[in-house]
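Chemist: Each chain, written out:
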Amino acid sequence: MDGLEDRLKEALRRVNEHVQSPELEQVTPDLDIFDAVDSMAIVDLLLETEAMLEEQSGAYVPLADETIFDASKSPLKRWSDWVAFVERRRADAD
Amino acid sequence: MAGDVLTRPIGRFGAGLEEWEVSVEHHEIDQLFQVLAAPAAADVLILHTTSDFFLDEADPGEALARMDAYCAAVAEFAAREPALVVVNTIESRPDRIVGVEHLAALELEAALDARLFDLARRHPSVSVVDAGGIVARIGADRALSLQNRLAMRMPYTKVAIDALRLAYEQAIRERYAARKKVILLDADNTLWGGIVGEDGVEGIAVDRQYPGSVYRRFQSQLIALARTGILLGLVTKNNPADVEEAFQRRDMPLKLDHFAAVRVNWGAKSDNIAQIAQELNLGLDSMIFIDDNPFELEQVKAALPDVDVYRFDAAKADAALGLLASIPGLRTWSVTAEDRGKAAQYRDERQRNVLKQQTTSLEDYLKSLEIELEAGLNRASQVKRISQLTNKTNQFNLTTKRYSEADIVRLMETGFVFDIRLRDRFGDMGVIGVVIVRDREIDSFLLSCRALGRGVEAQVLDHVCRKVGGEGLSARYVPTRKNMMTALFYDANGFEIVERDEDGGTLYRFAGGPTLAHAIPVTEVD
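Protein sequence lines correspond, in order, to chains A and B.
Those letters in the first sequence? Residues 1 to 94, per this note's numbering, in order.
Those letters in the second sequence? Residues 95 to 620, per this note's numbering, in order.
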């Protein structure tokens, strides 16, 4: 995945500098970001990740959709789903 | 911060405000009117509104009515509370399907912004951040995300958020940070292209053709800046005759008269700058040095680390002509009459120095100056200048308390805020001093360095003691790195020590007040 996951980890680390959630310090495939932080931190994470993708590819890839803030469907409920979600959005934008 | 969007990403202030301990509180989204109706909870209230707040499903009349209601609420808050309020222009840019309707939409957005500008004009404690300009500079397609606007109530991408954050930091700095006072300039390849000593006066480039046009525009920018109170100095390694001839014979915007200090010689630039600091009686940290030569910049930075240095590179015209606007220390919210007259004041000062050298004693010199003071009390017309002096005076400042314009208004309601103007035979120095008395204590006592050495200090203290009554009056000295010259001011002027802490901070009480060697006439003004 051309280092995408590492970059997503870096985006999460930057957001957690402000949020300071101990649960976000260790990234595992099952990490549940959605329940670990509030909705403002999720907005931060989306903006940070969008900026990171734009920096990498030069193209703006919007990540917010109707599932992001949905407790039953959000890709942020599992780290591995989040990585796959971003990968999909990036591919759609190409 | 409050807004119709999430403000937390925008309000993550950092390096731009690093000299202050800043904490930011974010109100819930869509609480703008509630926040404006409540008492101020902080020194600064940032209100961030998006175009949706005014334009969403509104016809033009409704949009303008919404803006009027918003401006009225801000105006009421600004009149009532001491906080600085920062608002923003409309960020969106309308789509074009029908040309004339597009123009009407642009016109409506301009009308909405115009109401904000009028608000800021009428209320000195209201600042405006140009969100629309930021979006335009970045490019609307890159700065705005309709997806994010609708899904997250956050219309901006991160690049726009970062730019907005910097703009808000700057808006706060414009009000509270001390402005730089002097720009020192190299000549060759900075004010003109080429080296006058080698290329000759006719060989330097400073005409209307490129690359001379770059230098010519830079000179015009410097003149515009000088009109806002920034002093210009010339520091160049050259033969004086060559430089004088260049200014005399070549048609260019800058003239030698524009410079408050000139050093044309072959000495180290740092030595010349240190001399100019002494001559103008200004701190090195109030100075900026601009040169094309990295070696000279390094030399000055190494010898005088307090001086900020910047490279002028005419080969990169955008950077070169954007240089002055990019220097945070040059920005300010507004300028006073004193700022505008600053160059003339320094010219007057040079004439005073000539007189000083001609007279035989200090006493004769002071008499020959024919100094007069004007003392105002709680004058609304002087709020801006008083706030400015509290924020930029470092040396003759007994407590170094910084006050915004809104703070001064509040102090005038509850205490005594004196403004002191100085005139002499050479000219009007403007308001050069401020004394604030609250709860029977001299809270602030400060004089501009240009006014020192004339016996004015004791005369001002005497006037204040007479006006507020000396009995039971206390005063305080709070030491800083820069105000050592005032450490014994109250000791020498009829106050006695009540207590002194281990850092040197001292509380005094009135013990007769100053004994005046030479009485200076003081006129009270309304």
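Careful: at least some of the hints might be erroneous.
[As the list claims (entries may be wrong)] DEER-style ranges, computed between Cβ atoms:
# : chain 1 : residue 1 : chain 2 : residue 2 : range
1 : B       : R209      : A       : R13       : 39 to 47 Å
2 : A       : F69       : B       : S568      : 52 to 60 Å
3 : B       : P133      : A       : F69       : 28 to 36 Å
4 : B       : R575      : A       : D70       : 50 to 58 Å
5 : B       : A230      : A       : D70       : 34 to 42 Å
6 : B       : L244      : A       : D38       : 18 to 26 Å
7 : A       : D70       : B       : D124      : 18 to 26 Å
[Said to hold, decoys possible] Beyond 12 Å from chain B on every Cβ pair, some chain A residues (computed):
#  : residue
8  : E5
9  : D6
10 : R13
11 : H18
12 : D32
13 : A36
14 : A41
15 : V43
16 : E54
17 : Y60
18 : E66
19 : K77
20 : S80
21 : E87
Hints are computed from structural coordinates only; laboratory data are not their basis.
Even glycine gets a Cβ: it sits at the ideal position worked out from N, Cα and C.
Chemist: Hints first: check each against the structure and report whether it holds.
Modeler: Each hint tested on the structure:
1. Restraint check, R209 of chain B to R13 of chain A: a C-beta distance of roughly 43 Å satisfies the suggested window 39 to 47 Å.
2. Between F69 of chain A and S568 of chain B the C-beta distance comes to about 59 Å, which sits within the given range of 52 to 60 Å.
3. A hinted range of 28 to 36 Å for the beta carbons of P133 of chain B and F69 of chain A is consistent with their spacing of about 34 Å.
4. Checked against the given bound of 50 to 58 Å, the beta carbons of R575 of chain B and D70 of chain A, roughly 56 Å apart, stay inside it.
5. Take A230 of chain B and D70 of chain A: their Cβ atoms lie about 35 Å apart, and the range 34 to 42 Å holds.
6. Checked against the given bound of 18 to 26 Å, the beta carbons of L244 of chain B and D38 of chain A, roughly 20 Å apart, stay inside it.
7. For D70 of chain A and D124 of chain B, the hinted distance range of 18 to 26 Å is satisfied, since their beta carbons lie about 22 Å from each other.
8. At the 12 Å boundary, the C-beta of E5 of chain A stays outside the reach of chain B, the nearest C-beta of that chain being 20 Å off.
9. Non-interface call for D6 of chain A relative to chain B: holds, since the shortest CB-CB distance, roughly 19 Å, exceeds 12 Å.
10. Chain B leaves R13 of chain A outside its interface by the beta-carbon criterion, the shortest separation being 15 Å against a cut-off of 12 Å.
11. Residue placement check: H18 of chain A does not keep its beta carbon more than 12 Å from all beta carbons of chain B (closest about 6 Å).
12. D32 of chain A, annotated as away from the interface, keeps every beta carbon of chain B farther than 12 Å; the closest lies near 20 Å.
13. The Cβ of A36 of chain A lies farther than 12 Å from every Cβ of chain B, with a closest approach of about 17 Å, so its non-interface assignment holds.
14. For A41 of chain A, the shortest C-beta to C-beta distance to chain B comes to about 9 Å, within the 12 Å cut-off, and the non-interface label is violated.
15. For V43 of chain A, the condition that its CB be more than 12 Å from all CB atoms of chain B is violated, with the nearest at approximately 5 Å.
16. With 12 Å as the threshold on Cβ separation, the claim that E54 of chain A sits away from chain B is violated: the shortest Cβ distance comes to roughly 8 Å.
17. At the 12 Å boundary, the C-beta of Y60 of chain A falls inside the reach of chain B, the nearest C-beta of that chain being 7 Å off.
18. Not every CB of chain B is more than 12 Å from the CB of E66 of chain A (nearest about 7 Å), against its label as outside the interface.
19. Every Cβ of chain B is farther than 12 Å from the Cβ of K77 of chain A; the closest lies at roughly 17 Å, confirming the non-interface assignment.
20. Against chain B, the non-interface label of S80 of chain A holds: every CB pair exceeds 12 Å, the least being about 23 Å.
21. At the 12 Å boundary, the C-beta of E87 of chain A stays outside the reach of chain B, the nearest C-beta of that chain being 18 Å off.
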